[in-house]
Amino acid sequence: MVGIVLVSHSREVAQGTADLVHGMAGEVEVAAVGGGSDGSLGTDPEGIRAAIEGLEANEVLVFMDLGSAVLSAETVLDMLEPERREVIRLVDAPFVEGAFAAGVTASTGASAGECVEAAEEARTVSKLH
Amino acid sequence: MSATESTLAVIKEMAAAMEEHREHLTSLDAAIGDADHGTNMNRGFKAALERLEETEPAAPAEVLKAVSTALISKVGGSAGPLYGTAFLRASTALPEEVSPAAAAAALEAALSGVKQRGKAEAGEKTMVDALEPAATAAKEAAEEPGATVGGVFRAAAEAAREGAEATVPLVATKGRASYLGERSRGHQDPGAASTHLLLDAAARALEQTPQGPKGGP
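Residue numbers (the numbering used here), protein chains in the order written: chain A, 1 to 129; chain B, 1 to 217.
Hints were generated in silico from the structure; no laboratory data involved. Hints are not guaranteed to be accurate.
[Claimed, not checked] Below, a list of computed lysine to aspartate or glutamate pairs in the EDC-like style, where the Cα atoms sit at most 16 Å apart:
#1 Lys-65(B) <-> Glu-54(B)
#2 Lys-46(B) <-> Glu-19(B)
#3 Lys-12(B) <-> Glu-207(B)
#4 Lys-46(B) <-> Asp-38(A)
#5 Lys-46(B) <-> Glu-13(B)
#6 Lys-65(B) <-> Asp-38(A)
#7 Lys-115(B) <-> Asp-92(A)
#8 Lys-119(B) <-> Asp-38(A)
[Stated by the list, open to error] Here are the computed distance ranges between Cβ atoms for each label pair:
#9 Val-125(A) <-> Glu-144(B): 53 to 63 Å
#10 His-22(A) <-> Val-171(B): 34 to 44 Å
#11 Glu-120(A) <-> Arg-183(B): 28 to 38 Å
[Said to hold, decoys possible] Over the 12 Å line for every Cβ pair with chain B, so calculated as not near, a few chain A residues:
#12 Glu-12
#13 Leu-66
#14 Leu-128
From the three backbone atoms N, C-alpha and C, an ideal C-beta is built for every residue, glycine too.
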């Protein structure tokens with residue numbers, strides 16, 4: 001099954017989003033990485049790497065909130081072994097909505113590609129019809 | 001002094017510069033960023049020194065790799081991945097004995113890593129605005145007859161200083177400052193400023209160490 005890593009500048013945003021996805025997508029593995037290594041607002045590449053390595057899922061989608069979260073995730077990807085890197089995708093999607101869409105899609109046993117598609121669609125789906 | 005010892009001296013001087021200019025960098029960052037650049041860089045280079053003591057690297061490239069890992073994990077923000085990538089790429093371009101041409105090639109590799117990682121080009125009010133002219137000046141200096149590694153870094157540092165000063169009138173289009181739009185004008189980019197300080201520290205360390213034109217032992 002597809003696993004999800006959520007990278008936010010804020011521990012609470014990452015954890016809260018993980019709780020939301022957990023609540024709606026049941027058994028999908030979700031790891032939250034929020035804040036810098038010292039607990040401040042920021043991103044922690046070591047934490048991102050540990051979260052990715054800690055998942056049992058054979059494919060991993062990584063969602064990032066802003067700026068340095070993206071840079072950190074990309075840097076971690078560079079640091080991983082090539083065969084591990086191949087099964088990890090950074091997803092260009094809204095953080096909460098994208099992770100939610102991907103999680104629910106993953107819970108149906110869908111492929112990583114289908115989950116990414118669902119997450120990317122979240123960018124254009126209108127909330128107020 | 002071996003090339004490894006010279007490289008360690010460079011990193012120590014860089015760490016001292018980050019400590020000395022911590023408040024200045026943070027005040028630049030307070031104007032257009034989140035007021036932590038000086039603190040973050042100081043913490044990162046302190047961690048780099050600790051890591052170097054633990055790992056006792058035996059080649060210049062290994063020194064830069066250890067620094068890269070420390071910066072990536074300890075600086076935080078965008079500067080960690082960006083400087084970490086710069087040092088990592090520089091390390092891959094560095095042979096055991098560092099010639100002026102190899103030093104210039106390492107700066108060029110650092111620049112291309114930063115541009116790729118940050119998806120940035122010159123003129124966007126980022127560290128690229130200091131690093132790109134520095135790499136160009138380093139390459140020119142390395143081609144001069146009688147070039148030294150210290151001279152290459154001195155030329156790079158001077159070009160970086162001018163490049164960093166030239167970020168003042170620019171409008172930021174990358175990073176947090178880009179949300180400020182026109183209000184980012186009139187302030188020096190903190191990343192460009194720290195790039196200048198680091199290259200200046202490297203030049204100072206190398207100028208203090210006795211070395212032949214090839215910078216070897």
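Verification of the supplied hints:
1. Straight-line distance between C-alpha atoms of Lys-65(B) and Glu-54(B) comes to about 13 Å, which keeps the hinted pair within the 16 Å bound.
2. Between the alpha carbons of Lys-46(B) and Glu-19(B) the distance comes to roughly 9 Å, so the proposed pair stays at or under 16 Å and holds.
3. Distance check on the hinted pair: Lys-12(B) and Glu-207(B) sit about 14 Å apart at the alpha-carbon level, within 16 Å; holds.
4. Between Lys-46(B) and Asp-38(A), the direct Cα distance comes to roughly 15 Å. Compliance with the 16 Å bound is thereby established for this hinted pair.
5. Proposed proximity of Lys-46(B) and Glu-13(B) is supported: the alpha carbons are some 11 Å apart, at most 16 Å.
6. A C-alpha spacing of about 23 Å is found between Lys-65(B) and Asp-38(A), which places the hinted pair above 16 Å, so the restraint is violated.
7. Straight-line distance between C-alpha atoms of Lys-115(B) and Asp-92(A) comes to about 20 Å, which puts the hinted pair past the 16 Å bound.
8. At most 16 Å may separate the alpha-carbon atoms for a hinted pair to count; Lys-119(B) and Asp-38(A) exceed this at roughly 27 Å.
9. For Val-125(A) paired with Glu-144(B), a C-beta distance near 60 Å keeps the hint of 53 to 63 Å intact.
10. Under the hint 34 to 44 Å, the C-beta atoms of His-22(A) and Val-171(B), about 42 Å apart, fit the expected range.
11. Range check, Glu-120(A) to Arg-183(B): about 32 Å between beta-carbon atoms, so the 28 to 38 Å window is met.
12. Non-interface status of Glu-12(A) relative to chain B is upheld: no Cβ of that chain comes within 12 Å, the nearest being about 17 Å off.
13. Distance check for Leu-66(A) against chain B: the nearest CB is about 8 Å away, which does not clear 12 Å, and the non-interface claim fails.
14. The non-interface label for Leu-128(A) is consistent with chain B: the shortest C-beta to C-beta separation is roughly 25 Å, beyond 12 Å.
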